[in-house]
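So the sequences go chain by chain: W and C. Residue numbers for the first sequence follow this note's numbering, beginning at 1 and rising by one. Residue numbers for the second sequence follow this note's numbering, beginning at 1 and rising by one.
Mixed in with the good hints there might be a few duds.
Unchecked claim - Have a look at the derived ranges for each label pair, beta carbon to beta carbon:
#, chain 1, residue 1, chain 2, residue 2, range
1, C, D160, W, A39, 38 to 44 Å
2, C, A343, W, A39, 57 to 63 Å
3, W, A118, C, A343, 40 to 46 Å
4, C, P192, W, R48, 37 to 43 Å
5, C, D212, W, L298, 55 to 61 Å
6, W, K268, C, N99, 25 to 31 Å
7, C, D209, W, L298, 47 to 53 Å
8, W, D269, C, R146, 52 to 58 Å
9, W, A118, C, P192, 55 to 61 Å
10, C, D212, W, A93, 37 to 43 Å
11, C, P68, W, A93, 35 to 41 Å
12, W, A45, C, S102, 54 to 60 Å
If you are wondering where the hints come from, they were derived from the structure by calculation, not from laboratory data. By construction, the Cβ of each residue, glycine as well, lies at the ideal position given by its N, Cα and C atoms.
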Amino acid sequence: MNADRHLSRRTFVASLAGLGFAAARAQAQGFAGLGGEAAGFAPVAPGRKFVFPDDFGAHPEFRIEWWYVTANLHDTNGAVYGAQWTLFRQAMAPGPQREGWANQQVWMGHAAVTSATAHRFSETFARGGVGQAGVTIAPFEAWIDAWRMSALPPLSDETFAPLQLTAAGTDFDYALRLDAKRPLVLQGDHGYSRKSERGQASYYYSQPYFTATGTIVIDGQSNAVSGPAWLDREWSSQPLAADQTGWDWFSLHLDGGDKVMLFRLRQKDGGHYFAGNWIGGDGRSVPLLSDSIDMTPLAFTDVAHRRVPTQWRIAVPSHGLAVDCAPLNVRSWMGTSFPYWEGPIAFHGSHNGVGYLEMTGY
Amino acid sequence: MKRAVWVLAVLLSHWRRHPMQLATLLVGLIAATALWSGVQALNQQARVSYDRAAALFGGARTAMLIDPAHATFSQAAFVALRRAGWPVSPVLEDRVQVNGRSVRLLGIEPVTMPAETASSSAIDRNDLHAFVAPPGRTLVAPEALRDLGLVAGATPRINDSAELPPLQSQPQLAPGVLIVDIGVAQRVLGKPEQISRLLVGKTAHGAGDLPDKVAGATLQWVAPDSETDLARLTDSFHLNLTAFGLLSFLVGLFIVNSAIGLAFEQRLPTLRTLRACGVSARLLNVVVVVELVSLALLGGLIGLIGGYVIAAALLPDVAASLRGLYGAQLPGTLSLQPQWWLAGIAMSVLGALAAAAASLVRLARLPLLAAAQPYAWQQAQRRWLLRQGVLAAAMLIAAVGILIFGDSLLAGFAVLAALLLSAALALPVLLDGVLRLGGKGARGALPAWFWADSRQQLPGLSLALMALLLALAVNVGVGTMVQSFSATFVRWLDGRLAADIYVSAANETQAAEIRRWLATRTDISAVLPGARTEVQIDGAPVEIMGVADHATYRENWPLLRSAADGWDRVHRGAAAFISEQLSRRLHLDVGSRLRIDAPGGDWSLDVVGVYADYGNPKGQLAVNIDALLRHFPDTPQTRFGMRVAPEHIANVIAAMRAAFHLDARQLADQATVKAESKRIFNRTFAVTAALNTFTLGVAGIALLTSLLTLSGSRLPQLAPLWAIGITRERLAVIELLKTMAVALVTALLALPLGLLVAWCLIAVVNVKAFGWRLPFQVFPMQLLELLGVAMVAALLATLLPILKLARMQPTTLIKIFADER
Numbered sequence: 001m002n003a004d005r006h007l008s009r010r011t012f013v014a015s016l017a018g019l020g021f022a023a024a025r026a027q028a029q030g031f032a033g034l035g036g037e038a039a040g041f042a043p044v045a046p047g048r049k050f051v052f053p054d055d056f057g058a059h060p061e062f063r064i065e066w067w068y069v070t071a072n073l074h075d076t077n078g079a080v081y082g083a084q085w086t087l088f089r090q091a092m093a094p095g096p097q098r099e100g101w102a103n104q105q106v107w108m109g110h111a112a113v114t115s116a117t118a119h120r121f122s123e124t125f126a127r128g129g130v131g132q133a134g135v136t137i138a139p140f141e142a143w144i145d146a147w148r149m150s151a152l153p154p155l156s157d158e159t160f161a162p163l164q165l166t167a168a169g170t171d172f173d174y175a176l177r178l179d180a181k182r183p184l185v186l187q188g189d190h191g192y193s194r195k196s197e198r199g200q201a202s203y204y205y206s207q208p209y210f211t212a213t214g215t216i217v218i219d220g221q222s223n224a225v226s227g228p229a230w231l232d233r234e235w236s237s238q239p240l241a242a243d244q245t246g247w248d249w250f251s252l253h254l255d256g257g258d259k260v261m262l263f264r265l266r267q268k269d270g271g272h273y274f275a276g277n278w279i280g281g282d283g284r285s286v287p288l289l290s291d292s293i294d295m296t297p298l299a300f301t302d303v304a305h306r307r308v309p310t311q312w313r314i315a316v317p318s319h320g321l322a323v324d325c326a327p328l329n330v331r332s333w334m335g336t337s338f339p340y341w342e343g344p345i346a347f348h349g350s351h352n353g354v355g356y357l358e359m360t361g362y
Numbered sequence: 001m002k003r004a005v006w007v008l009a010v011l012l013s014h015w016r017r018h019p020m021q022l023a024t025l026l027v028g029l030i031a032a033t034a035l036w037s038g039v040q041a042l043n044q045q046a047r048v049s050y051d052r053a054a055a056l057f058g059g060a061r062t063a064m065l066i067d068p069a070h071a072t073f074s075q076a077a078f079v080a081l082r083r084a085g086w087p088v089s090p091v092l093e094d095r096v097q098v099n100g101r102s103v104r105l106l107g108i109e110p111v112t113m114p115a116e117t118a119s120s121s122a123i124d125r126n127d128l129h130a131f132v133a134p135p136g137r138t139l140v141a142p143e144a145l146r147d148l149g150l151v152a153g154a155t156p157r158i159n160d161s162a163e164l165p166p167l168q169s170q171p172q173l174a175p176g177v178l179i180v181d182i183g184v185a186q187r188v189l190g191k192p193e194q195i196s197r198l199l200v201g202k203t204a205h206g207a208g209d210l211p212d213k214v215a216g217a218t219l220q221w222v223a224p225d226s227e228t229d230l231a232r233l234t235d236s237f238h239l240n241l242t243a244f245g246l247l248s249f250l251v252g253l254f255i256v257n258s259a260i261g262l263a264f265e266q267r268l269p270t271l272r273t274l275r276a277c278g279v280s281a282r283l284l285n286v287v288v289v290v291e292l293v294s295l296a297l298l299g300g301l302i303g304l305i306g307g308y309v310i311a312a313a314l315l316p317d318v319a320a321s322l323r324g325l326y327g328a329q330l331p332g333t334l335s336l337q338p339q340w341w342l343a344g345i346a347m348s349v350l351g352a353l354a355a356a357a358a359s360l361v362r363l364a365r366l367p368l369l370a371a372a373q374p375y376a377w378q379q380a381q382r383r384w385l386l387r388q389g390v391l392a393a394a395m396l397i398a399a400v401g402i403l404i405f406g407d408s409l410l411a412g413f414a415v416l417a418a419l420l421l422s423a424a425l426a427l428p429v430l431l432d433g434v435l436r437l438g439g440k441g442a443r444g445a446l447p448a449w450f451w452a453d454s455r456q457q458l459p460g461l462s463l464a465l466m467a468l469l470l471a472l473a474v475n476v477g478v479g480t481m482v483q484s485f486s487a488t489f490v491r492w493l494d495g496r497l498a499a500d501i502y503v504s505a506a507n508e509t510q511a512a513e514i515r516r517w518l519a520t521r522t523d524i525s526a527v528l529p530g531a532r533t534e535v536q537i538d539g540a541p542v543e544i545m546g547v548a549d550h551a552t553y554r555e556n557w558p559l560l561r562s563a564a565d566g567w568d569r570v571h572r573g574a575a576a577f578i579s580e581q582l583s584r585r586l587h588l589d590v591g592s593r594l595r596i597d598a599p600g601g602d603w604s605l606d607v608v609g610v611y612a613d614y615g616n617p618k619g620q621l622a623v624n625i626d627a628l629l630r631h632f633p634d635t636p637q638t639r640f641g642m643r644v645a646p647e648h649i650a651n652v653i654a655a656m657r658a659a660f661h662l663d664a665r666q667l668a669d670q671a672t673v674k675a676e677s678k679r680i681f682n683r684t685f686a687v688t689a690a691l692n693t694f695t696l697g698v699a700g701i702a703l704l705t706s707l708l709t710l711s712g713s714r715l716p717q718l719a720p721l722w723a724i725g726i727t728r729e730r731l732a733v734i735e736l737l738k739t740m741a742v743a744l745v746t747a748l749l750a751l752p753l754g755l756l757v758a759w760c761l762i763a764v765v766n767v768k769a770f771g772w773r774l775p776f777q778v779f780p781m782q783l784l785e786l787l788g789v790a791m792v793a794a795l796l797a798t799l800l801p802i803l804k805l806a807r808m809q810p811t812t813l814i815k816i817f818a819d820e821r
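Construct all of the structure, not just a fragment, from the sequences and the given hints.
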């Protein structure tokens with residue numbers, strides 16, 4: 001059920017590689033081959049007790065971490081939009097946090113908005129230790145440059161709400177308020193999210209019940225929007241397995257109120273590792289078994305010289321789910337340092353609803 | 001198509017019959033292209049080097065934010081601006097001493113560095129992690145590594161204190177710069193959380209969006225500059241080169257013009273015949289243009305090769321000049337870009353077309369069956385002279401106008417150009433006047449014919465004579481300037497280099513040891529400490545020189561003007577002498593006041609004198625050394641001069657060299673320093689002098705080709721004289737006298753014009769370009785020498801056509817009468 005995070009993590013690591021941190025990446029892959037904990041970084045083990053608000057903040061003793069929000073929005077005329085806000089952290093080296101410029105943390109931000117006709121994105125980088133990017137717990141704020149996710153006090157430790165979310169690129173910006181009435185959801189097995197047969201895992205929790213309201217500006221055109229949003233928080237020290245080439249991750253807001261997270265991890269040998277969680281109307285998060293998930297590409301789009309599956313048939317027979325997914329904009333391509341596809345989708349079939357799709361490694 | 005090929009073949013056959021003409025045409029094209037493209041190659045090479053340097057400084061291509069009131073400001077401003085959405089990146093910079101050499105230490109932040117800067121900077125992406133993570137890296141150009149006497153991996157100390165991260169050689173870097181991570185720079189410079197400036201990446205923000213205060217600092221927006229600092233400093237030098245290149249190009253085109261004019265003249269019958277055979281005017285025009293362009297391509301290509309050779313030959317001098325004058329580092333080998341080749345070829349083709357324009361227009365209007373040319377040359381010539389005279393007067397007025405109202409280097413060159421053009425245009429008018437006067441005094445038919453015929457020859461020769469006039473005038477001008485310069489420079493050096501021995505210790509510890517050692521010697525009359533620091537005044541770097549209060553300086557300092565008690569006031573610490581450059585730039589003079597931001601608080605100085613500081617691109621202040629050290633306590637005190645009796649100089653130097661292992665850069669006697677300084681300055685003008693010589697040579701060739709052209713077309717004038725009994729030898733002597741006479745008049749006119757040019761260079765161009773003005777001096781021997789050179793050049797150019805005439809077969813002369821023309 002953590003495939004998306006794998007995806008994101010890989011995005012991050014690869015982006016840094018693109019930036020020049022090849023050493024870190026090579027090191028990461030070396031550790032993956034060993035299948036053990038990254039030397040010097042904190043290990044990920046089952047049975048961890050999550051504590052809030054502490055776990056809203058950063059865990060610098062782990063190698064990688066992210067704060068990830070996706071929102072399915074619509075304006076008063078019914079026009080549909082998507083928004084993405086992501087803050088990644090990676091430690092270049094383990095050990096005690098060094099002061100100032102010597103600090104070993106590097107931060108990366110991705111932001112995007114999507115409409116039926118446009119997809120705009122931006123990315124930025126920062127080094128830790130000087131205040132250009134970071135996360136504070138009280139009051140809660142996660143930021144890089146002018147992009148921020150901050151508490152609108154009083155912040156509930158149970159729901160992680162209300163939050164204010166802002167980001168801007170040269171040709172877009174948005175400001176969203178996130179509210180939630182239901183508590184956070186632990187993904188995987190009580191927050192321990194397994195990512196491969198060989199034991200790679202992360203700590204992972206979500207807030208799938210956010211309601212976003214605010215404005216999106218594309219090319220100077222301002223739109224008042226609202227809709228469901230989804231936050232993911234995940235951290236780990238372990239890299240992906242070397243034979244994993246990419247993944248396809250879904251977050252689904254079912255019209256009935258249920259939430260579903262699914263992913264497919266593609267392997268070099270053509271095999272797949274499936275995982276996911278079904279979050280029922282009662283807020284209970286149930287892990288889905290690998291053989292209970294079926295994901296089939298229906299149509300492909302050529303984007304940025306790549307062939308990307310943009311229409312999918314998703315089935316989880318154990319929960320009676322059989323839907324066809326179509327993107328709002330087939331060209332939701334994130335042409336960032338490490339490029340990937342991420343954008344809003346809508347689905348129809350046994351259930352109707354909206355969600356987000358993230359695909360890497362194409 | 002086939003017809004066109006045949007027409008082309010017919011036209012080309014002309015060159016087979018007149019190989020000398022073809023050679024002349026090609027020589028003109030080659031000379032023009034070679035000189036022009038040679039100069040361009042030098043300029044391009046220099047610009048590429050400046051860009052390489054500028055890419056690292058990061059200040060030139062991107063907008064910047066600085067704190068005009070302070071050398072550094074808090075890094076909190078960086079964070080505040082980033083958090084306000086500004087794509088800024090911090091830089092901390094300072095001059096530091098490494099192994100006794102002064103270098104720039106540049107601390108950068110690679111993660112936020114604007115892409116346009118980062119992409120051009122030399123940090124290998126794969127090395128980024130090693131660069132930012134402790135211990136980090138110090139990137140340095142291989143040349144600088146050699147200069148510092150260090151190897152990759154070494155961890156030298158700066159200013160004898162903090163240790164730098166391991167050195168790593170980076171070939172793309174500019175020499176003289178060490179690059180480290182911003183965090184490292186803050187640590188080793190002892191400036192925690194301080195930055196010198198912020199680079200601004202691509203943003204919709206402008207200067208107007210900047211808050212009044214950013215983290216307590218008032219920042220100033222510095223707009224991106226299309227030019228780099230070095231490019232700006234060296235602009236005048238390159239403008240100089242370009243001006244000469246252009247002059248040579250134009251002189252080359254004179255040759256092309258006369259060669260094409262002659263060929264056209266001689267091919268007129270062929271062209272008429274072709275037209276009569278049914279070749280359309282359009283086809284004929286096209287074929288002639290194709291022929292011309294082909295020749296231009298050939299000449300241009302050979303010219304480019306010549307240009308490359310010239311540039312390669314001059315590069316060492318240019319590099320030495322730029323290094324000596326501006327500290328700009330140029331690699332010793334040429335590397336040319338494709339644009340250079342294309343531009344060279346284009347110049348050649350366009351130049352050839354321009355030079356042939358008159359002939360082409362005539363061809364286009366060629367009447368199918370024209371009779372012999374109408375010969376009302378006198379009326380035509382009168383109109384032509386009138387037009388020339390009016391144009392010359394207009395150019396002269398323009399020159400005076402620009403001189404009065406212009407206030408830039410470009411205006412200075414415009415004055416020069418207008419003056420030269422005016423003189424060139426006026427030349428035929430003046431020559432005509434002189435020849436007419438001569439004609440009035442003539443007795444007998446032959447002398448009368450001599451004068452009249454000389455006048456009639458003027459239009460054909462005038463272009464070549466103009467070229468000669470320009471080349472000579474520029475020669476006189478530049479020669480006078482260079483001579484004035486060396487005369488002044490020697491006196492000035494005597495004043496500025498008053499001490500007998502100069503020492504620059506590797507560090508303060510060694511400096512102290514040397515001072516102790518010197519105190520024990522009896523053969524040293526005085527030790528004169530010196531110190532130097534640099535500040536920004538009005539956004540430009542200004543050197544502050546600390547000078548000891550000693551008779552050596554009081555007696556020798558090259559003051560141009562000063563207050564009566566100048567030295568006493570400087571000694572008291574609240575007054576300064578300023579260099580002429582600074583005086584001109586900041587409009588300061590004796591009696592003005594100057595404020596300097598010093599670490600020890602604001603320093604207010606009265607200007608009590610202005611001194612000559614030739615060749616320094618930066619402004620300079622001379623203050624009392626103790627006052628300087630009070631206000632700038634960090635200034636390294638590693639330099640000093642010594643007064644030593646002449647007979648002890650060699651001993652002292654040998655002893656010091658042995659005791660402290662000082663190399664030639666660190667320890668030098670006055671004579672050596674002077675020789676080195678003179679060498680640098682001589683090389684500065686060596687390029688100018690070389691181009692000068694080329695120009696004169698090309699002018700000589702222009703004269704030769706014009707005379708060759710004329711010798712063919714003038715046979716109808718000469719043949720009747722021969723027919724009435726004047727021998728060919730006598731005719732040849734008359735021709736020689738005529739040419740020498742007009743050349744002499746031209747050369748004599750060139751001398752005052754040259755002095756005018758020299759005045760322009762010294763009083764206008766130099767002042768704008770370098771900020772200093774030399775005393776103007778005239779060197780009569782030099783003028784005589786040039787006059788001689790001009791006459792020899794004219795004689796050589798005349799010789800070939802004259803010999804041809806003297807040996808001409810009588811049949812050729814008789815045939816003139818049978819010719820339709």
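Looking back at the numbered hints, which does the structure fail to meet, lowest number first?
Hint check: 6, 9 fail, others pass.
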